[in-house]
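Visitor: Just so you know, the protein sequences line up as chains A and B, in that order.
This note's numbering applies: residue 544 is where the first sequence begins, and numbers increase by one.
This note's numbering applies: residue 38 is where the second sequence begins, and numbers increase by one.
The hints are simulated quantities; they were obtained by calculation from the structure and are not laboratory data.
Note that CB positions come from ideal geometry on N, CA and C, so glycine has one too.
One thing to keep in mind: the hints can contain errors.
Label-pair distances were calculated between CB atoms; the ranges are [what the hints assert, rightly or not]:
#1 A/Leu599 <-> B/Phe97: 44 to 50 Å
#2 A/Pro561 <-> B/Gln54: 47 to 53 Å
#3 B/Ala117 <-> A/Pro555: 40 to 46 Å
#4 A/Thr656 <-> B/Pro99: 42 to 48 Å
#5 B/Ser110 <-> A/Pro561: 27 to 33 Å
#6 A/Glu558 <-> B/Thr57: 39 to 45 Å
#7 B/Ile49 <-> A/Asn611: 23 to 29 Å
#8 B/Arg52 <-> A/Gln545: 29 to 35 Å
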Amino acid sequence: AQSVTQLDSQVPVFEEAPVELRCNYSSSVSVYLFWYVQYPNQGLQLLLKYLSGSTLVKGINGFEAEFNKSQTSFHLRKPSVHISDTAEYFCAVIYTGTASKLTFGTGTRLQVTL
Amino acid sequence: ETGVTQSPTHLIKTRGQQVTLRCSSQSGHNTVSWYQQALGQGPQFIFQYYREEENGRGNFPPRFSGLQFPNYSSELNVNALELDDSALYLCASSLGGVSPYNEQFFGPGTRLTVL
Chain A
544 AQSVTQLDSQ VPVFEEAPVE LRCNYSSSVS VYLFWYVQYP NQGLQLLLKY
594 LSGSTLVKGI NGFEAEFNKS QTSFHLRKPS VHISDTAEYF CAVIYTGTAS
644 KLTFGTGTRL QVTL
Chain B
38 ETGVTQSPTH LIKTRGQQVT LRCSSQSGHN TVSWYQQALG QGPQFIFQYY
88 REEENGRGNF PPRFSGLQFP NYSSELNVNA LELDDSALYL CASSLGGVSP
138 YNEQFFGPGT RLTVL
């Protein structure tokens, strides 16, 4: 079955500290990988995506992620978080042959405090 | 450039009723996808429309149906509402069909509560 796992439902972190949000996916086929952010009472905003090429991708707001095919992972990182990064983060995958159907993980709540 | 808009923002219905949710795609986008996001969960794919034709469906029963109009706006209809249908319904539009290379832009969602 095609699935996306975000093991951490909540990640508390102090402002200016680094953070990593983990994402693993099940796959025996090629994939396209995405991270979205959702602020309260809003829709989803694309942070970054991996489609092909370099396995290290950079996105908006200082976030980056690395595609690791052998570990079927696509972890999201930021070297120094800000209070405004507090939000829900979703990892999503498009599996080859499923057109553009996004399969989402259950989300990680990033809580940044002073 | 106008983004993806959805209406209404909130809606309360009772079990057994029917509901229609609406989505206006971003200008020029010919593909729209609908997702259901239950509380505390990630969005789940309902179906996708490309140039007015259904082009893929997730694991949802037939009482979930949709339409895409010539101007590429879209409707999601749900019949015989159940309590578990309570969720945030998101639509996303993209340009150029069903390639994963075409970014999907999400609307703010419609919050449906079924009592």
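Visitor: Honestly, which of those hints from before does the structure not fit?
Guide: Checked against the structure, the hints that fail are numbers 1, 5 and 7, while the rest are satisfied.
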